[in-house]
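My request is simple: use the sequences and hints to build the entire structure.
2 protein chains.
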Amino acid sequence: MVKIEIITIGDEILIGQIVDTNSAWMATELNKFGFEIAQISSVHDSAEHIIESLDLALKRADIVLFTGGIGPTKDDITKQTLCKYFNSKLVFNEEVFKNIENLLRNRQRAINELTNSQAYVPDNCTVIQNMVGTAPITWFEKDGKVIVSMPGVPNEMKNAMRTEIIPRLHKKFKTPSIIHKTVIVQGYPESALALKIADWENALPSDIHLAYLPNYGIVKLRLSGSSDNELSLEFLINQQIAGLTEILGSAIVAFEDIALEVLIGNILELKSKTLATAESCTGGNIAHKITSVAGSSAYFKGSLVAYSNEIKEKVLHVPTEILEKHGAVSQEVVEIMAKEVRKLMNVDFSIATSGIAGPSGGTTEKPVGTIWIAVSSEEKTLSQMFKYGTNRIQNIERSTQTAFLMLKDLIYTI
Amino acid sequence: MVKIEIITIGDEILIGQIVDTNSAWMATELNKFGFEIAQISSVHDSAEHIIESLDLALKRADIVLFTGGIGPTKDDITKQTLCKYFNSKLVFNEEVFKNIENLLRNRQRAINELTNSQAYVPDNCTVIQNMVGTAPITWFEKDGKVIVSMPGVPNEMKNAMRTEIIPRLHKKFKTPSIIHKTVIVQGYPESALALKIADWENALPSDIHLAYLPNYGIVKLRLSGSSDNELSLEFLINQQIAGLTEILGSAIVAFEDIALEVLIGNILELKSKTLATAESCTGGNIAHKITSVAGSSAYFKGSLVAYSNEIKEKVLHVPTEILEKHGAVSQEVVEIMAKEVRKLMNVDFSIATSGIAGPSGGTTEKPVGTIWIAVSSEEKTLSQMFKYGTNRIQNIERSTQTAFLMLKDLIYTI
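Sequence order for the protein chains is E and X.
Position 250, counted from 1, in the first sequence is what our numbering calls 250; the numbers after and before it change by one each time, with no gaps.
Position 307, counted from 1, in the second sequence is what our numbering calls 307; the numbers after and before it change by one each time, with no gaps.
None of the hints are false.
Where chains are identical, the list cannot tell them apart; a pair therefore holds if satisfied intra-copy or between any two copies.
Cross-link-like lysine-lysine pairs, in silico, BS3-like; alpha carbons within 30 angstroms at most:
no.: 1; residue 1: 74; residue 2: 3
no.: 2; residue 1: 339; residue 2: 314
no.: 3; residue 1: 273; residue 2: 314
no.: 4; residue 1: 74; residue 2: 181
Just so you know, these hints were derived from the structure itself, not from any lab.
This is the structure:
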């Protein structure tokens, strides 16, 4: 396989100021075109460090992609460093200058000394115009290998990758097709799932790779393979997934890598059904996750975050005596919450949560992490108790994911 | 300075399925204790690759921190690889076994073959218990250097780093004291703020470093210094902050690195006041942020996520004719929402939002990114319109942060 290394340059990543989201995006896109990412490295704005990492990367990979360190300010030295490395000199490039002028004119800014300096590029590289920023992209070749330096600003990098760099690399290296397929499984912790499917896993063809990605109550199984024959590879992977389906049956949540809030949204939209939530311990996180999905207003009407008992009584009509007898964290209360919010918001389905998210507030009978979740439709209301840990954020996330799974099961059983 | 390299292990990062957020968190925390991150690398679950990266890292750094690749399944090989590298063998560790048993018992799960295998650890390392997961942390020493392997699951990594690894490294390497102090400023874009405080910044003592960290409507100014004399350094930094306060006055939101939802919570708790929210475009994110803070039930009563107009009318009593005349995204509607939820939930303060989060749904008059925010108390209701961009997630985050700032200002003016 054609191997690529990504090197991100910039102190801001190494002091933790910025999370490197570029590399994951680049890896995903490059994978689709049959490239394998051999390594991702983040290094300082230091000439010595940049050259050392380039030398090492060239030993392991066919292509090295640099992002960052090509702005006009003093701390950015990637261009100068590569210029020296490739024994070239910086020359004024008329085309780059015009591109910069155009860009700045559109932003109603004038060119200055610093922006002008960006029109100087090494004289022995291919220059690729940056259509959305002032720093040009430079493409070097050496002993059949390719070294590209591009901006670290995410939208500038993405634009250059999509329109120029990936198409050029794909053409030059004639890469094979890569297929990843993900199956999401519920109801099994990672290790129990591994035991359950051990025979199937052991019988996988050697060129198909399996990865386990556990995530709050679900496990994503990812099958990957690479081939020059995309169709036969896809057939082979689908065959394996068919075998997996026989073993796991309804424990399979989805046959694609999809967030549960998107899955729920798709199901509701497909069935033209509506949803509302009544949230205590999840504090609005379920509504937040659902409304993070564009277009969710088509099926989501709203949520009542009833954080205090007063609101549970007043808005959701949970009777005082039931709250007093069973406590807010109880099957009785969570089921009433689910039913009442369904009526209040006039929807087909509802979710309700009530629990002790922690880290404090637990009792011997109901320790921190005790969570009741209910899902409700006109036909049926289901509820279940869970015992999670003491981490507040995790308890909120786990409850949210679990609520989505329970809702899906309810929709499918009625 | 004592140098650290972070190596993350796992195919899921190199195929772009997971964004590596661990490294930025680790870098930030290690920085606070006087360590410098020399490089961050992501490598495959491959013995050869892991060993090569370890060898290279040991040449450059004093400490190598591995995350990931220590789950119980076949694809995880870090433990076996390090075991070989350090010429050790895997032995059963009673203490680890008991820890795993305990963890699983709390989760109402039984130990199985795979989880049992996690109790086997190299015989020449220091074993550190993982208090929140089943994979133990292993700590090796070689020629005065330290190599640690820990889980890649973020909360397991963070718990181990905070409680064990950072304290042990700090003690062993006797790193100097680093002091970071953060001042949060509102009302200035980054470049305008830089101009406003240019004279002050230029006069900063050379051993105090200033960083600008812009974040959705606020800029965090971080002053850092390192010294063996912690008290005199702290005095020096406080002196600079006093100068900054003279220049910026009430634009300063906080003198510590604090999330705005925590700040709001502190203020409400101090004043014994209560809060509720009525959210349209933020879809529950404000409630979610507030309830992510432990103890928020003391001041937060609830939220009405009124995602559809029907709920705005029915539960928040926004008159139909006002919705029809001005539209849901209007000053009139957002102010009624704020006032009504304050009454409905019987609280002192309220926040309401209504806007077009995007990416679609805009009109010429009200393009995507048009957001109305209101804050309300019995004495006063304030509202303001904002024009953000087209990114849905960003619009939700910006609106949430801005609402917190508006609420703070309201609380302080009455």
